[in-house]
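Novice: Work the whole structure out from these sequences, hints included.
There are 2 protein chains.
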Amino acid sequence: MAYKATSETGEFGLIERIKSIVQPTLESAPELVLGIGDDCAVWQPSTELLQVSSTDLLVEQVHFDLLTTPAKHLGSKAISVNASDICAMNAIPRYALVSIAVPPSMPVEMVEELYRGMESAAREYGIAIAGGDTSRSRSGLVISVTVTGEVPEKMIAYRNGAKEGDIVCVTGTLGGSAAGLRVLTREKLIMMEHIENNETYNRNLMADLQEYTGAIQQHLLPLARLDTVRFLHERQVTPSSMIDISDGLGQDLGHICNASAVGALLQENRIPVNSTARLIADELQDDALGWAISGGEDYQLLFTISKEEHKKIADNRDIAVIGEITPKESGLLLKDIYGITIDLTSLPGFDHFK
Amino acid sequence: MAYKATSETGEFGLIERIKSIVQPTLESAPELVLGIGDDCAVWQPSTELLQVSSTDLLVEQVHFDLLTTPAKHLGSKAISVNASDICAMNAIPRYALVSIAVPPSMPVEMVEELYRGMESAAREYGIAIAGGDTSRSRSGLVISVTVTGEVPEKMIAYRNGAKEGDIVCVTGTLGGSAAGLRVLTREKLIMMEHIENNETYNRNLMADLQEYTGAIQQHLLPLARLDTVRFLHERQVTPSSMIDISDGLGQDLGHICNASAVGALLQENRIPVNSTARLIADELQDDALGWAISGGEDYQLLFTISKEEHKKIADNRDIAVIGEITPKESGLLLKDIYGITIDLTSLPGFDHFK
Chain A
233 MAYKATSETG
243 EFGLIERIKS
253 IVQPTLESAP
263 ELVLGIGDDC
273 AVWQPSTELL
283 QVSSTDLLVE
293 QVHFDLLTTP
303 AKHLGSKAIS
313 VNASDICAMN
323 AIPRYALVSI
333 AVPPSMPVEM
343 VEELYRGMES
353 AAREYGIAIA
363 GGDTSRSRSG
373 LVISVTVTGE
383 VPEKMIAYRN
393 GAKEGDIVCV
403 TGTLGGSAAG
413 LRVLTREKLI
423 MMEHIENNET
433 YNRNLMADLQ
443 EYTGAIQQHL
453 LPLARLDTVR
463 FLHERQVTPS
473 SMIDISDGLG
483 QDLGHICNAS
493 AVGALLQENR
503 IPVNSTARLI
513 ADELQDDALG
523 WAISGGEDYQ
533 LLFTISKEEH
543 KKIADNRDIA
553 VIGEITPKES
563 GLLLKDIYGI
573 TIDLTSLPGF
583 DHFK
Chain B
233 MAYKATSETG
243 EFGLIERIKS
253 IVQPTLESAP
263 ELVLGIGDDC
273 AVWQPSTELL
283 QVSSTDLLVE
293 QVHFDLLTTP
303 AKHLGSKAIS
313 VNASDICAMN
323 AIPRYALVSI
333 AVPPSMPVEM
343 VEELYRGMES
353 AAREYGIAIA
363 GGDTSRSRSG
373 LVISVTVTGE
383 VPEKMIAYRN
393 GAKEGDIVCV
403 TGTLGGSAAG
413 LRVLTREKLI
423 MMEHIENNET
433 YNRNLMADLQ
443 EYTGAIQQHL
453 LPLARLDTVR
463 FLHERQVTPS
473 SMIDISDGLG
483 QDLGHICNAS
493 AVGALLQENR
503 IPVNSTARLI
513 ADELQDDALG
523 WAISGGEDYQ
533 LLFTISKEEH
543 KKIADNRDIA
553 VIGEITPKES
563 GLLLKDIYGI
573 TIDLTSLPGF
583 DHFK
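Keeping their order, the protein sequence lines are chains A and B.
Start counting at 1 in the first sequence, then tack on 232, and there's your number in this note's numbering.
Start counting at 1 in the second sequence, then tack on 232, and there's your number in this note's numbering.
Rather than coming from a laboratory, the hints here were simulated on the basis of the structure.
Fair warning: there could be bad hints in the mix.
Remember, identical chains collapse to one label, so a pair may be satisfied in a single copy or spanning two.
[Claimed, not checked] In the SDA-like style, the derived pairs of lysine to any residue whose C-alpha atoms are separated by at most 20 Å in a straight line are:
1. K386 / T279
2. K251 / A491
3. K386 / S278
4. K560 / S472
5. K251 / H487
Specialist: As structure tokens, then:
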């Protein structure tokens, strides 16, 4: 297999390769009238359903590092984080538009791997990759994904519906993504040191990362919780509010509380901390609970629900009850294992732009 | 007014500023259930209408140069180029999602200007800016816009419907954008020279650009031809195929001919070359017709239509008849003013990725 830079294939050559890779995702979309190949993607909206749409921009060196992120994983994650936003409305993701800006020196094979990852994730969720844009970049790789989904009006879950007395629930485990990132960053530093000392870096050293898989996978290949949304639809349960955890449990709960004009009280011992994150925290003498609360990027669903509605889903062991909604004046609190109450907003990680 | 970098406002501070700027665009959208502020934008699709969606990624130093492009114009153009894709389907643009990646040093004022330009263009087209994403960039500014529109199924215009004997039409004038870019690039080189020689650059020198306005405006502030789409709807005329001119008349006609499996014969003397472009071409000893055919970025609509249907719109002086559709075997030809036939695909500008 010869190395070929994207600058050699030309834009239309690249689009043809991309089209053939994402083609299988179209099979799940009978309402898609037209995919890639015209000025727009075209679909027939389902009768009586709302359209919900979300977009994310992923920038090299800000959101990802190609030294520690395989292109295929990156493609999968780009689809998953947007699908997760759709799930956070209790909606079903349907169509994706994908744009990339590619440095001219980037190998075509790498761009293809990126799209293979997208195709694989899209097929997993039943999303049709229906269009997009390709262009050059003068610096790093940029990926922009927009996903549109559908949901019946009476089942949509906004951020602003949490009510005093509601239960706070979260899916899966938390802190895995932050822990995985710590391990990958450490590996990268070791690798850079080898390179600086002109030593050969042995990729096989990474074999002993095996025990960290539960965290690294959560960071590199997070999954949108479409399974939870399907479960909620099956049980005909609509959360009073919902969000996906991208900024961190504390900050995302803050978004719900702000929008709903309520407070919340979480119980530390109920927070489902990722077990691999605990292992890594012990090794690095860091704090797994801190990662669970402020780490972000776990893409679990955080939702509130009335006590009566919760009975209908209480048998799901993958949904943890972690606290309850309180009056606004009480603020955003965490009761720790010693019974001491901490103000969640005083913790770090409450603004990731700076 | 004090200088403030985006790194000082934080992500949520910036989002609040952006929300207040784009707020007025929401008034035109009664079907928009929810704009910025949740995980997704939410809208109620109009009954019986298809949804059409298009996305574009604009990268600093590839698609624009902040030395020659005012931020407000750039914002307007980012909306217009996507609205133009929607118009190219004979559809009405409705909702936009906008993402930006901002270098931390960029002044907040500049980001606000960018959104003021978007707001102004969006309001012009009746588009609601309903959501998006903000993030840091490690290098230049990146803008990603996705616009969704609506159109009745029987009025949609694809690229693949052109038929032998159809008339080829184009709106407005061509070559203005390429000519405007040439003038701006020349000004930039003069400016750079002044800076290199440590001379003070006098911005007032740019005052004599007045006579080039017709071309510079076409480059910096192109308008999507929504007026033409509304006219076609009023007259109940559906083009057999349509595209907007982003790559250049020759290349975009090539897209229609490829998709429709037909050829085309254009008449040079019918091509509406922008008059300011002619003026600039004379000065720079360049070729205005070349810019009209291969320059691109004019965002006019190029469409084919049957002779009978054309009668219904023949009174529109802003729509020029420039040729006709021929059998596929005839290829893509231009008859020049001397009656000599040239192969359009032999001209430069048929792949802009390299």
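Novice: Taking the hints in turn, state whether each one holds.
Specialist: For each hint, the structure was consulted:
no.	hint	verdict
1	K386 / T279	both (14 Å within a copy, 18 Å between copies)
2	K251 / A491	between (41 Å within a copy, 15 Å between copies)
3	K386 / S278	both (15 Å within a copy, 18 Å between copies)
4	K560 / S472	within (16 Å within a copy, 59 Å between copies)
5	K251 / H487	between (38 Å within a copy, 16 Å between copies)
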